[in-house]
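Participant: Below, each chain spelled out in residue letters.
Protein chains: 2
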Amino acid sequence: MNQLPIEVEVKLPVEDFGEIEIKLLEGGALLEEIVMQRDHYFQHPSKDFSKTDEALRIREDGDRLFLTYKGPKFDPKSKTRTELNTEISSVEDITHILEQLGFKEVGIVSKERKIYLYNDMLFCLDNVESVGLYIEVEKIIHDKKDFKKERDLIFKTLKELGLDPQKNERKSYLELLLEKIKTEKK
Amino acid sequence: MNQLPIEVEVKLPVEDFGEIEIKLLEGGALLEEIVMQRDHYFQHPSKDFSKTDEALRIREDGDRLFLTYKGPKFDPKSKTRTELNTEISSVEDITHILEQLGFKEVGIVSKERKIYLYNDMLFCLDNVESVGLYIEVEKIIHDKKDFKKERDLIFKTLKELGLDPQKNERKSYLELLLEKIKTEKK
Numbered sequence: 008m009n010q011l012p013i014e015v016e017v018k019l020p021v022e023d024f025g026e027i028e029i030k031l032l033e034g035g036a037l038l039e040e041i042v043m044q045r046d047h048y049f050q051h052p053s054k055d056f057s058k059t060d061e062a063l064r065i066r067e068d069g070d071r072l073f074l075t076y077k078g079p080k081f082d083p084k085s086k087t088r089t090e091l092n093t094e095i096s097s098v099e100d101i102t103h104i105l106e107q108l109g110f111k112e113v114g115i116v117s118k119e120r121k122i123y124l125y126n127d128m129l130f131c132l133d134n135v136e137s138v139g140l141y142i143e144v145e146k147i148i149h150d151k152k153d154f155k156k157e158r159d160l161i162f163k164t165l166k167e168l169g170l171d172p173q174k175n176e177r178k179s180y181l182e183l184l185l186e187k188i189k190t191e192k193k
Numbered sequence: 008m009n010q011l012p013i014e015v016e017v018k019l020p021v022e023d024f025g026e027i028e029i030k031l032l033e034g035g036a037l038l039e040e041i042v043m044q045r046d047h048y049f050q051h052p053s054k055d056f057s058k059t060d061e062a063l064r065i066r067e068d069g070d071r072l073f074l075t076y077k078g079p080k081f082d083p084k085s086k087t088r089t090e091l092n093t094e095i096s097s098v099e100d101i102t103h104i105l106e107q108l109g110f111k112e113v114g115i116v117s118k119e120r121k122i123y124l125y126n127d128m129l130f131c132l133d134n135v136e137s138v139g140l141y142i143e144v145e146k147i148i149h150d151k152k153d154f155k156k157e158r159d160l161i162f163k164t165l166k167e168l169g170l171d172p173q174k175n176e177r178k179s180y181l182e183l184l185l186e187k188i189k190t191e192k193k
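As they're listed, the protein sequences go chains S and W.
Mapped onto my numbering, the consecutive letters of the first sequence carry residue numbers 8 to 193.
Mapped onto my numbering, the consecutive letters of the second sequence carry residue numbers 8 to 193.
In case anyone wonders, no lab produced these hints; they're calculated from the structure.
Mixed in with the good hints, there may be bad ones.
What the hints assert, rightly or not - Distance condition first, Cα-Cα at most 25 Å in a straight line; then the derived SDA-like pairs of lysine to any residue:
{"id": "1", "chain 1": "W", "residue 1": "K111", "chain 2": "S", "residue 2": "D55"}
{"id": "2", "chain 1": "W", "residue 1": "K151", "chain 2": "S", "residue 2": "K146"}
{"id": "3", "chain 1": "S", "residue 1": "K54", "chain 2": "W", "residue 2": "D100"}
{"id": "4", "chain 1": "S", "residue 1": "K80", "chain 2": "W", "residue 2": "K111"}
{"id": "5", "chain 1": "S", "residue 1": "K54", "chain 2": "W", "residue 2": "K146"}
{"id": "6", "chain 1": "S", "residue 1": "K54", "chain 2": "W", "residue 2": "H103"}
{"id": "7", "chain 1": "S", "residue 1": "K146", "chain 2": "W", "residue 2": "E143"}
{"id": "8", "chain 1": "W", "residue 1": "K111", "chain 2": "S", "residue 2": "F73"}
{"id": "9", "chain 1": "S", "residue 1": "K54", "chain 2": "W", "residue 2": "Q50"}
{"id": "10", "chain 1": "S", "residue 1": "K111", "chain 2": "W", "residue 2": "K80"}
{"id": "11", "chain 1": "S", "residue 1": "K54", "chain 2": "W", "residue 2": "K163"}
{"id": "12", "chain 1": "W", "residue 1": "K111", "chain 2": "S", "residue 2": "F110"}
{"id": "13", "chain 1": "W", "residue 1": "K58", "chain 2": "S", "residue 2": "I104"}
{"id": "14", "chain 1": "W", "residue 1": "K111", "chain 2": "S", "residue 2": "I104"}
{"id": "15", "chain 1": "W", "residue 1": "K80", "chain 2": "S", "residue 2": "S53"}
{"id": "16", "chain 1": "S", "residue 1": "K80", "chain 2": "W", "residue 2": "T59"}
{"id": "17", "chain 1": "W", "residue 1": "K54", "chain 2": "S", "residue 2": "K146"}
{"id": "18", "chain 1": "W", "residue 1": "K84", "chain 2": "W", "residue 2": "K178"}
{"id": "19", "chain 1": "W", "residue 1": "K54", "chain 2": "S", "residue 2": "G78"}
{"id": "20", "chain 1": "W", "residue 1": "K146", "chain 2": "S", "residue 2": "G78"}
Claimed, not checked - Here chain W is said to cover these stretches of chain S; the calculated rule only asks that three of the stretch's residues, wherever they fall, bring their Cβ under 8 Å from a Cβ of chain W:
{"id": "21", "region": "50-61"}
{"id": "22", "region": "101-108"}
{"id": "23", "region": "143-151"}
A virtual CB, placed ideally from N, CA and C, is assigned to each residue, including glycine.
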């Protein structure tokens, strides 16, 4: 079997997008898309994804729909992991199928995502409902041995843009959302 | 939640399609489609579908692709069960996702299916590779309480066409194929 695709990803919390967006545009970044995303996360029937560090999600991405599996993160300095995507045709139908197979919907994350293409990377400026503002920088690779090189290239680019890669957040938006809900309940 | 769709289905082994096809056409049946179908069946990560009488399958249906879940059969006289379908975009991608979730591909069934619409039912004339010739008559309903009425209507129509509904085969093509392989190995 060929290697599965890997998403090299770094995520940073930010106060606002103003300065970073100006720098991206000055550097020649191309605005790819502004899209509303609504992600439905599911728990596995027989293992705890929060322990195995995996995820299964249905994404409503503007007019398109995707089913995505994310494998365990294998790099302590980033969110890099196997990521598998396939386009699907109906949130309702795939949800019914997943539920019959024993998967349970555990949360929904909604965000506005502004996507820039810059230096061969995707810069996602995310305004996440009830969570906050984050920048996710990502690149898909097909050979695991390239991941450190690509990650370090992302770090370098972030620094050039005045951002600190040390502030890397490895938690998912779902985890951040669930943590917030838990804190608010106390 | 609304009721999930139910497929009322009766399946009969036949020697050939000649006579039944003539009778269908004489009765005003419409030929809907002749299609090559290739079905990939999967086992669940934590339960044995052959015991729970469920199924998960990817169907290559001519140029289209579907993911299908089938629930336990609840009628001893037919193959009637919950059936959920959703169109998907790539066999390879969804297979990779299912494999990462712990599902295992257990068999592939290939057939030529000729579909007639007759009396508001679908008559599928199936030439199943390594298994044989079968007729599947099916109808999707959305209210479980209608299933006996619809099943008996199928039985009545089969009798009018000179076929014997008592010969109903409740095993799936996958089960028939796996049994055949097992017998041949002996």
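Participant: All the hints need checking, so say for each whether the structure fits it.
Facilitator: Okay, the hints, checked on the actual structure:
1. The hinted pair formed by W:K111 and S:D55 meets the criterion: a straight-line CA distance of about 19 Å does not exceed 25 Å.
2. This hinted pair does not check out: W:K151 and S:K146 have alpha carbons roughly 48 Å apart, beyond 25 Å.
3. At most 25 Å may separate the alpha-carbon atoms for a hinted pair to count; S:K54 and W:D100 meet this at roughly 22 Å.
4. The suggested pairing of S:K80 with W:K111 holds, with an alpha-carbon distance near 23 Å, which does not exceed 25 Å.
5. A hinted pair counts as satisfied when its Cα atoms are at most 25 Å apart, and S:K54 with W:K146 does not qualify at roughly 37 Å.
6. Restraint check for S:K54 and W:H103: satisfied, since their Cα atoms lie roughly 18 Å apart, inside the 25 Å limit.
7. Pair hint S:K146 plus W:E143 does not hold up; C-alpha atoms about 48 Å apart against a cutoff of 25 Å.
8. Restraint check for W:K111 and S:F73: the C-alpha separation of about 22 Å stays at or below 25 Å, so the hint holds.
9. Taken as a hint, the S:K54 and W:Q50 pair is honoured in the structure, with Cα atoms around 16 Å apart against an allowance of 25 Å.
10. Taken as a hint, the S:K111 and W:K80 pair is honoured in the structure, with Cα atoms around 23 Å apart against an allowance of 25 Å.
11. Of the pairs offered as hints, the one joining S:K54 and W:K163 is violated, with about 48 Å between alpha carbons and a cut-off of 25 Å exceeded.
12. Our distance criterion of 25 Å between C-alpha atoms is met by W:K111 and S:F110, whose separation comes to about 16 Å.
13. With a C-alpha separation of about 19 Å, the suggested pairing of W:K58 with S:I104 holds against the 25 Å cut-off.
14. The straight-line distance between the Cα atoms of W:K111 and S:I104 is roughly 17 Å, inside the 25 Å bound, and the hint therefore holds.
15. With a C-alpha separation of about 24 Å, the suggested pairing of W:K80 with S:S53 holds against the 25 Å cut-off.
16. Restraint check: the Cα-Cα separation between S:K80 and W:T59 comes to about 34 Å, which exceeds 25 Å; the hinted pair is violated.
17. The hinted pair formed by W:K54 and S:K146 fails the criterion: a straight-line CA distance of about 37 Å is larger than 25 Å.
18. Of the pairs offered as hints, the one joining W:K84 and W:K178 holds, with about 12 Å between alpha carbons and a cut-off of 25 Å not exceeded.
19. For the hint linking W:K54 to S:G78, the alpha-carbon distance of about 22 Å falls within 25 Å, and the restraint holds.
20. Only pairs whose Cα atoms come within 25 Å are accepted, and W:K146 paired with S:G78 is rejected, the gap being roughly 40 Å.
21. Interface restraint, the region 50-61 of chain S with chain W: holds (5 residues with C-beta to C-beta distance below 8 Å; minimum three).
22. Coverage of the region 101-108 of chain S by chain W holds. Counting CB-CB distances below 8 Å, 5 residues qualify, and the rule asks for three or more.
23. Coverage of the region 143-151 of chain S by chain W is violated [criterion: at least 3 residues with CB-CB distance below 8 Å; count 0].
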